[in-house]
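Engineer: Fit chain B to the given chain A structure using the hints.
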Amino acid sequence: MPSSSRPISGQDRAIRAAIVDELRRRLPRMEGAGATARPLPFGLAALDRHLPQGGLTLGALHEVAPLAHGDTPAAFGFLVALLARLAGPAHRARPVLLVSSPRALADHGRPHGHGLQALALDPARLILVETRNETQALWAVEEAVRSAVPAAVASAIGKLDLKISQRLQLAAGEAGLPLVVLRPAQASEASAAATRWRIGAAEAARDRFGLMVGTRWTVRLERCRNGRTGEWLVELDHATHRFSLAAPLADPALSRRPGADAARRRAG
Amino acid sequence: MLAADVAGTPRVAAANAAAEADGIEIGEALADARAKSESLQVRAANPTADDAALRRLALWATRYTPTVAPWDETSGADGLFLDVAGAAHLFGGEAALISDLEQRLARFGLPAQLAVAETAGAAWALAHFRPATILAAGAERAALAPLPIEALRLSAETRRTMRQLGFRRIGTLLDKPRAPFVARFRRELLLRLDQMMGRAAEPLAFIQPPPVYHSLRYLLEPVGAQDAIVAIVSRLMQDIVHALTRDGVGARGLRLALYRVDGDVKNLDIGLTQATRSVPLVARLIALRLERATRTLDAGFGFEAIGLAVTAVERLEPGQGELIDGFEEAGADAWLDERCAALIDGLRQRLDPHCVRRLAPVASHLPERAETALAVADGPLPWPMPDAARPRPLLLFARAEPAEVMAQVPEGPPRRFRWRGVLHGVAKAQGPERIAAEWWRDGAHAPTRDYYLVEDEAGRRFWLYREGLYARETAAPRWFVHGLFA
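As given, the protein sequences belong to chains A and B, one line each in that order. Here the numbering used here is used: position 212 in the first sequence is 1619, and no number is missing along the way. Here the numbering used here is used: position 322 in the second sequence is 366, and no number is missing along the way.
Hints are computed from structural coordinates only; laboratory data are not their basis. The beta-carbon is built from N, C-alpha and C at its ideal position, and this holds for glycine as well. Where hints are given, some of them may not hold.
Said to hold, decoys possible - To be clear about the criterion: a stretch of chain A counts as covered by chain B if any three or more of its residues have a C-beta under 8 Å from a C-beta of chain B, and this derived list gives those stretches: (1) 1453 to 1462; (2) 1469 to 1482; (3) 1530 to 1536; (4) 1577 to 1583; (5) 1607 to 1619.
Okay, chain A solo, but in the shape it has when bound:
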């Protein structure tokens, strides 16, 4: 088109910004998902600004992937923390389902109830579903989501192509409940998920005696539909179960690194 090749003047830029803002507001409604479910804010202003409508969409598919294979426990920990936040304490009676296929977490052991507690998830609410293969795992996930019974569903799935992710996203949107999926490190294929979080391990928060008081992750919001990407150092306090931005990266200047800028431009 001729307009795209012309340099953008100041007035054009303002009009364009207004149009993009309007589109951002309308898109979720047009897609059907997220229009009914209100989003759940992280409680971190710097992070919530990047998410559509200032929070995580409840009725949607979210992906969590580690930076490298060795970061899988960190990514799983972030998933558990996210799950606990999405499930919330309000729906006490509703369980949280974790569906895993045999090879998904096998390298890294099994979820340990006493360890889940530190990340704010009450193990009494958790129902573990271990399937024999990927097909069964996908079936179980969809079954659980469509039933709309659990407060949230999590799953460790190796294979997730565009078609399957669209199917799961649709199911989550219809049921209005969050579905969080743990992906392997090499996962980079296109997907219909609302967000993809890339998680890396980071030095833990310690008190003055050197004891661990909080888990920290380098959190990269790699893809975010109707939102912007970004990177933060997020901390979860083990006692209060609250997210906070760890001091070193809380400075907004740091999120304006060249890499982050490029990513944002891609998303825009």
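Structural biologist: Quick look at chain B alone, frame taken from chain A:
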């Protein structure tokens, strides 16, 4: 002809019609039998296979009535008792039932001797000596008196003694005073006599525990398709629901019996997390269960009868399933519980009951014993508050993995460690947390463990332990990685 070893001598265990025509008797020595008939074909008897075949036949016979008992050793182990009380009218009376049974058995190539009587003992006697008799209640004495003593199901020894004493007919025993028999034969003789006349109860070991509620449908055309089976199950469940509602109970366990045309029976058991009377739920669970069973379930030429039995019930307040207004607190909770149970049952039927579990805490200091995975049906158990001073990993290995560790001093924290071929430099180490072995389970010499929460230079956190106290328990402590932190 079949032969079996009895006290070191091969003897005739069973003979077919042709062998019997040659005068071969069951129980005679094989050498005698060979002398009687030149063209005798001998095979070894296989009692295990006989038992299995009888069991299969008993399962098949549950298409007539759910209460079927294969005969035990004392009854000859070569037949079945069917308790047809309340079932005969479905076939148009007892006579119609046994003729139907005889025809079907004949189709399998099984010649059968059938009889109907009020007691198991009388039926056994008639089946052996007056086949195809249907004895009315109260007519036992007249009908059974002319039968020989053998009709009493006695041991060979008692039978021989009776013969020697000159008793040949049951009738001669019936009028005799009981006391001398008690002294001479202990319990057996009079017990069998009483059981036959209905004066003593005879316990039968049914092949399946008799269900509380049961519904069965015979099909004019055999079916094999899954949705056809599910449709029939829905109708069967509708029949059962009336009885369940009347008694104020719901089903907790179900058994689906599929009777194949060739006489094979497939039983599928289904356990439910919550009592239910819902027809759609049962139909769905059956559909999921059939989907899982498709590989093992061979419909052959189709199923000619389908039965649904409720094997376990639980009290269920009326109307609970019909609560839909989710605004009342109690109603919403019950509704959610029901939906939750339905989801869990669905997953269990389609995947495997062991696949759906819940974690439960166990009072143990050893991390691998501190929790267990329970069947989800048991309901959640409250977890103790976590202890901030004792951090626990997010992921625990079922079996701790050995690691090579370099430490500055043998009882100090690790400085570097190699695990799965990768060398990690330790940036921070927290610990040790000392966990003693459970001497009451592992013995007095089980090593103590010192756990360290270790963070490597990349920020990844590991849970390492040193097994054995240096110099006190062992000279060369070994190291293991037991878990991973987020």
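Engineer: Please go over all the hints and tell whether each is borne out by the structure.
Structural biologist: Each hint, compared with the structure:
Here the segment 1453 to 1462 of chain A counts 0 residues with a CB under 8 Å from a CB of chain B, which misses the bar of 3, and the coverage is violated. Chain B is given as covering the segment 1469 to 1482 of chain A, and this holds because 4 residues of the stretch bring a CB closer than 8 Å to a CB of that chain, at least three being needed. With 7 residues having a beta carbon nearer than 8 Å to a beta carbon of chain B, the segment 1530 to 1536 of chain A meets the requirement of three or more and the stated coverage holds. With 0 residues having a beta carbon nearer than 8 Å to a beta carbon of chain B, the segment 1577 to 1583 of chain A misses the requirement of three or more and the stated coverage is violated.
With 9 residues having a Cβ less than 8 Å from any Cβ of chain B, the segment 1607 to 1619 of chain A passes the three-residue criterion, so the hint holds.
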